[in-house]
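*Asks:* Listed below, chain by chain, are the residues.
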Amino acid sequence: MKGGWFKLYALAYLVFLYAPIVLLPMFAFNDATVIAFPLNGFTTKWFSEMWVAPGLWPALKNSMIIAISTAVIATALGIFAARASTRYKFPGKAGIMGLIMLPLVLPEIIVAVSLLVVLLGIGVPLSIFTVILGHVLMTTPFTIAILSSAFQSLDRSLEEAAYDLGETPVSAFRLVILPLVMPGIISSLLISFTISLDEFIIAFFLGGTQVTLPVYIFSQFRFPQSVPVIMALGTILVALSILLLSIAEYFRRRGIAKSGGKDTGGFL
Amino acid sequence: MKRSARGAGTEASSGLLLVSPPAIYALVLLAAPLATIILYSFFTDGYLEVIREFTLANYWETWVNPLYRTVMLRSLLVSVLVTAATVLLAFPVAYFVSFHVDPSRKSLWLFLITIPFWTSYLIRVFLWKVILGYNGVVNSGLLSLGIIDEPLTFLLYNTNSVVITLAHAYAPFAILPIFVALEKIDRSLLEAGQDLGETKFATFCRVTLPLAMPGVVASVLIVFIPTIGDYVTPQLVGGPEGRMVANLIQLQYLRLDNYPLGSAIAVSAMGIVAIISLIFLGLTRRYLRAPK
Amino acid sequence: MIPKPAASGQTMIEFKDVHKWYGDYHALRGISATIRAGEFFSLLGPSGCGKTTLLRTIAGFEGISEGVVLIDGKDATDIPPNKRPTNMVFQSYAIFPHLTVAQNVGFGLRKQRLAKADLDARVAEALEMVGLKGYGARAAHALSGGQRQRVALARALILKPKVLLLDEPLSALDKKMREQMQVELIKLQRQVGITFILVTHDQEEALVMSDRIAVMFEGEIAQLSDAETLYRRPNSRRVADFIGTMNFLPAEVISETAGSIEVEAQGFGRIHVDPKQAASEAPGKSASIGFRPETLTILHEGQQATDREVGAVIEEVVYYGDMTYYDVKIDGTQKMVRLSMRNVFGRPVLDRGARTRIAWSPGALVLFR
Ligand SMILES: Nc1ncnc2c1ncn2[C@@H]1O[C@H](COP(=O)(O)OP(=O)(O)OP(=O)(O)O)[C@@H](O)[C@H]1O
Ligand SMILES: [Mg+2]
Chain A
18 MKGGWFKLYA LAYLVFLYAP IVLLPMFAFN DATVIAFPLN GFTTKWFSEM
68 WVAPGLWPAL KNSMIIAIST AVIATALGIF AARASTRYKF PGKAGIMGLI
118 MLPLVLPEII VAVSLLVVLL GIGVPLSIFT VILGHVLMTT PFTIAILSSA
168 FQSLDRSLEE AAYDLGETPV SAFRLVILPL VMPGIISSLL ISFTISLDEF
218 IIAFFLGGTQ VTLPVYIFSQ FRFPQSVPVI MALGTILVAL SILLLSIAEY
268 FRRRGIAKSG GKDTGGFL
Chain B
9 MKRSARGAGT EASSGLLLVS PPAIYALVLL AAPLATIILY SFFTDGYLEV
59 IREFTLANYW ETWVNPLYRT VMLRSLLVSV LVTAATVLLA FPVAYFVSFH
109 VDPSRKSLWL FLITIPFWTS YLIRVFLWKV ILGYNGVVNS GLLSLGIIDE
159 PLTFLLYNTN SVVITLAHAY APFAILPIFV ALEKIDRSLL EAGQDLGETK
209 FATFCRVTLP LAMPGVVASV LIVFIPTIGD YVTPQLVGGP EGRMVANLIQ
259 LQYLRLDNYP LGSAIAVSAM GIVAIISLIF LGLTRRYLRA PK
Chain C
2 MIPKPAASGQ TMIEFKDVHK WYGDYHALRG ISATIRAGEF FSLLGPSGCG
52 KTTLLRTIAG FEGISEGVVL IDGKDATDIP PNKRPTNMVF QSYAIFPHLT
102 VAQNVGFGLR KQRLAKADLD ARVAEALEMV GLKGYGARAA HALSGGQRQR
152 VALARALILK PKVLLLDEPL SALDKKMREQ MQVELIKLQR QVGITFILVT
202 HDQEEALVMS DRIAVMFEGE IAQLSDAETL YRRPNSRRVA DFIGTMNFLP
252 AEVISETAGS IEVEAQGFGR IHVDPKQAAS EAPGKSASIG FRPETLTILH
302 EGQQATDREV GAVIEEVVYY GDMTYYDVKI DGTQKMVRLS MRNVFGRPVL
352 DRGARTRIAW SPGALVLFR
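Protein chains in written order, with this note's numbering: chain A, 18 to 285; chain B, 9 to 300; chain C, 2 to 370.
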């Protein structure tokens, strides 16, 4: 059967997709400083070395602050934009939404350097704050994509029914719209958090002396003896991402089920 | 008529009011900065500051200096190769998930395809270095199987490795738009194609492929545009031969402090990407008209 | 049946020359009408004629471009939907999917800050009224179409609005369910005595349910009257065509006096028509005579007409079980007309091509000119 060959191909493709990720735990538990085959026996020492690695914890702390702030701000901005674009007609809509969504297709390096030039030009010192500014810009389009589909699947008459039953626009939003798009909001928070946590270029350009986790990892690649620790760290990060994504996917599906829609799949 | 103007006005003004926070944010932190680097690209570089004097020298440098021109052209080549590889490899997967996977399992497949995309990009790229390196997975595998006698060296630190790594990184971006386009195809159209005497393959060429084109076009653009500006992959697996435009921009901005030249390179790269994308859209325009 | 409290005759809703523009599109073109307190009023018309738009101007979801809407004597222009004494049953029912049935029904009572016991009692009462006693704890998404509709009704009625607005509430139900709900809605309206305004494009539904019906075409009210007048004496060819079937034959007005109009009608000859039976379309158009399929009778062998009779040939026969439709050509006419006969026992179904006689009476004819 024809589908059989396709299936074989698709499975081979999955192997290609997962190849690097499968290697990660292998080297994280491998008792050797050099990242190469053959493997050398099992150890957990890289994980324990991780606890005392200099610079890792401050980087993690910076990354958490940045990722949480980014998630909250980008999702808030995303709610405004998604609501405006799904519910209202206004002049220049296509242009305005196009500008907001532009970072989705713009190379990150362009965003990074242009922001760098302007921030230095007006004398804003580089810090965690400037990284947040950049990350919010990058992640807002993703939040809008997720939240738009949440707002889109809302029947407009639900909102009107709430007005009709005596609620003001504000209380109708709180009592009807917000609970119904809540799964979308949660998955938007999780996804913008994940993107921000993993983002390198903007953090590299705009972080100044403040190092984030990816910037820290990037700097460690230069020292071969630190790489096994990074493998250990990577293993934990991958496990966490998969966990977060599963939660996000769960909420996304629940949201769709709740509003009675049809699952069209995917985060994008 | 007076009231109607007011009625229409409230709708538009509520919409504008609501969209204003993200719009102002994008205006201040995206549109204005982009305009600034375009402006900078026409300024002259002083040693410690930018001299506000109009010049085309930066563009001259970018396009005539073989050092920069080579990197620019290589970036373009890499992007084109990555896009072709990614989209061609992705299409059968999207086709399989859309046409051969049980509807209840489709979400699971999509989930499996997207997961690698969400795991640390830096570490993934680094692991490709491990896979393709001198003592890497591929080499040690081939050695132990006796296929080669000594490790292959053309795998890492060149354009090949950049293309492979980027094709891996952008895989889900290519699969999802094609999948969405394939999902939208009314299955009875395919039966109609066969009913009208076409073979399965001819039906695929004459019905499925044209209808999937919007998805293919979207994947091409969504892969092509960002890859040209990728920094991490060429830096980690590219070696000196694999450097791309982003590395050049980083060099100008952070090492050499030459903002005008860096800006000219960045603007040129954006310009090329925009022009190629528009040409591509023009060529595929006939497939994109939404059937209403 | 519960006796109907006579509609008080007071005006509940008044439209005064209401216009609505969507950009360049003129959706409502000078609507003037009154709806009385306590009546069951229907807005009937083809798709896109502006029924929903007109209903939504009452609810306050749609601002109007010109004119005024008065609700219970007050200009409603600046009253927002949440402050109007109207409630709506939406076409999609708009049941809040994240709430239970009871929470849905009690949604509008939030502002009244009732004690829990009072709230529960009111909700239970409303649910009982619509026949959903005991369904309060159900999740809203686990309801059938008919049940959702009842929840929507209970949710609107619990607030004791002055006017209940229903936008095609039955169109999502299957035929059986729809007929059952029609009867229930009529009973409910009689029980609560609230003004009901129903939007429908189903003429049968409107005729069955309403005290009065406004027939709309292209943003205008073409005729506003009770069901029987609408059916018996439509005021234009368009209304006549939209409601049931109407046959037309060419005619010519000969003379006109206060009490009677003398008409030369093809096939029927010279007749006198009561001015009440004459639609008042813009004069000058060529006149015609209209009649409903069931108002003429095909006579069988030996049967005598009570009033007048005319010869005809049967051109087509369509058998429907309880009825038979005959397309016939009346002597002296070129146009086919449709007649319907009940298939009573002992009455043979006639064949195509048969000659027959038809009994008619001038009282059944309507003059259009
Ligand atoms: N928001 C809007 N913007 C522009 N035009 C509209 C809008 N709402 C309605 N219209 C137009 O106004 C006209 C009347 O619409 P309306 O919904 O009142 O029709 P309707 O009589 O309820 O029809 P249906 O039986 O199909 O529901 C239609 O031609 C419609 O296209
Ligand atoms: Mg309607």
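Everything labelled a hint here was simulated from the structure, so no lab data went into it.
Just so it is clear, the structure is predicted and the values come from calculations on it, not from any experiment.
Careful: at least some of the hints might be erroneous.
To be verified - Listed below are the simulated BS3-like cross-link pairs for lysine-lysine, each with C-alpha atoms no more than 30 Å apart in a straight line: (1) 110/A to 208/B; (2) 24/A to 192/B; (3) 17/C to 336/C; (4) 84/C to 161/C; (5) 208/B to 137/B; (6) 137/B to 106/A; (7) 110/A to 114/B; (8) 110/A to 137/B; (9) 192/B to 106/A; (10) 137/B to 78/A; (11) 84/C to 106/A; (12) 176/C to 84/C.
To be verified - Computed footprint of chain A on chain B; a stretch qualifies when at least three of its residues, placed anywhere within it, have a C-beta under 8 Å from a C-beta of chain A: (13) 24-32; (14) 37-51; (15) 79-92; (16) 115-129.
Said to hold, decoys possible - Have a look at the derived ranges for each label pair, beta carbon to beta carbon: (17) 17/C to 108/A: 44 to 52 Å; (18) 31/A to 142/C: 29 to 37 Å; (19) 259/A to 218/B: 32 to 40 Å; (20) 294/B to 230/C: 30 to 38 Å; (21) 108/A to 287/B: 26 to 34 Å; (22) 27/C to 294/B: 49 to 57 Å.
A virtual CB, placed ideally from N, CA and C, is assigned to each residue, including glycine.
*Asks:* Of the numbered hints stated earlier in the document, which are not met by this structure?
*Replies:* Violated hints: 1, 3, 5, 6, 7, 8, 12, 15, 17, 20 and 22; rest satisfied.
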